[in-house]
Amino acid sequence: MIEFLIGYVSKWAIPFLIFFIPVFAYIRGVNVYEVFIEGAEEGFKIAIKLIPYLVAMLVAIGIFRNSGAMAMSVEAIRPITEFLGIPGEVLPLAIMRPLSGGGALGITTELINTYGPDSFIGRLASTMQGSTDTTFFVLTVYFGSVGIRRYRHALWVGLLADVTTFLASIYIVTRIFA
Amino acid sequence: MINFIWLLLIVAGVIVATINGQPEVITDSALQAANLGVKYSFDLIGLMTFWLGIMRVGEKAGLVDVLAKIIKPFTKFLFPSIPENHPAMGSILLNLSANLLGLGNAATPFGLKAMQELQALNNGSDEASDAMVTFLALNTSCMTLVPATIIGVRVAAGSLNPTEIVGTTMFATFIGMTLALTSDRLFRFFSRRDKSK
Chain S
1 MIEFLIGYVS KWAIPFLIFF IPVFAYIRGV NVYEVFIEGA EEGFKIAIKL IPYLVAMLVA
61 IGIFRNSGAM AMSVEAIRPI TEFLGIPGEV LPLAIMRPLS GGGALGITTE LINTYGPDSF
121 IGRLASTMQG STDTTFFVLT VYFGSVGIRR YRHALWVGLL ADVTTFLASI YIVTRIFA
Chain L
1 MINFIWLLLI VAGVIVATIN GQPEVITDSA LQAANLGVKY SFDLIGLMTF WLGIMRVGEK
61 AGLVDVLAKI IKPFTKFLFP SIPENHPAMG SILLNLSANL LGLGNAATPF GLKAMQELQA
121 LNNGSDEASD AMVTFLALNT SCMTLVPATI IGVRVAAGSL NPTEIVGTTM FATFIGMTLA
181 LTSDRLFRFF SRRDKSK
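Protein chains in written order, with the numbering used here: chain S, 1 to 178; chain L, 1 to 197.
Some hints here could point you the wrong way.
What the hints assert, rightly or not - From the structure, some residues in chain S lie toward chain L, with a derived Cβ separation under 7 Å: (1) V23; (2) G62; (3) G68; (4) G106; (5) P117; (6) I121; (7) Q129; (8) S131; (9) D133.
Said to hold, decoys possible - In silico negatives: residues of chain L with every beta carbon more than 10 Å from chain S: (10) F42; (11) F50; (12) K69; (13) P73; (14) D184; (15) R188.
Calculated from the structure, these hints are not laboratory results. Glycine included, every Cβ here is placed at the ideal spot set by N, Cα and C.
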């Protein structure tokens, strides 16, 4: 029931906003068309401003991933995580998750298809994929759009949250399904 | 920090590719990733143009101010550095709601609009403000009610109960977000203390 309701809201939220905002504004005496154009002009500038930031970050991540350096770092920390009792199958996903959204989804899909969606690994991978966003990407896009180069502690906070979410996923999936 | 990580990713990649005797992997992935960055920006142009147009209409009608007022108690606590009823609050609320509903296409334009407004309060500095770091702490931990993409993957793989991971996902997100907000405050507190010494 709740799931149905949320799905319903998700589906109608955007059409509602696109209808409601201009109609309400028109009633309040706003020149809707002219004002729309005025705001829309900024969109191009912001999107284009992102290019150098995105290229810098995606190139570094691409090289790290495709060269095999990422797979090597997974192997390097595997003894530690195995000692802690963390299932090794999801380790590559944990490393990929903050770096590349598309890459992480690829690993998740592969895990789900290999182990089955209703297996422990399948459920764990699903939870890990859905419960956090791609930290490096979000920081690059959001800070890039306003020309921020010094992130202060934002990256630490994002990565700490990723590790916590990963551990929380293992805890809750074990608790609920095992 | 970001300089070091950026360099580390590249250096580690080049070393491993050299050991494996595959220098062409470096060239290929660099060019491919550079194109991907440009492609993402271009894909965003339409979305940004459209949503910023709609947002400006909403702003002129006073809707964004109304939103900002509604969530005042919540934002006063999370973003003490933003003046009361500032339009940034309206954009922040729209961004978080769109994330919550899993509307990624709308969440990014709302979020970037919020960043523009936060930057206006930041005196054009190239260093992140307190409010920005808190806002991105919320965004990187990404509270979503329905992780639609992953449910889709589970359906395609023939899951008997594709939505059974909604509860575990919300729990994990909630823990991650709580830690993000707490650690943000702690980092801020300790960096202030170091500076004032």
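Checked hints:
no., hint, verdict
1, V23, "10 Å, violated"
2, G62, "3 Å, holds"
3, G68, "5 Å, holds"
4, G106, "10 Å, violated"
5, P117, "4 Å, holds"
6, I121, "12 Å, violated"
7, Q129, "5 Å, holds"
8, S131, "4 Å, holds"
9, D133, "4 Å, holds"
10, F42, "7 Å, violated"
11, F50, "7 Å, violated"
12, K69, "16 Å, holds"
13, P73, "23 Å, holds"
14, D184, "5 Å, violated"
15, R188, "7 Å, violated"
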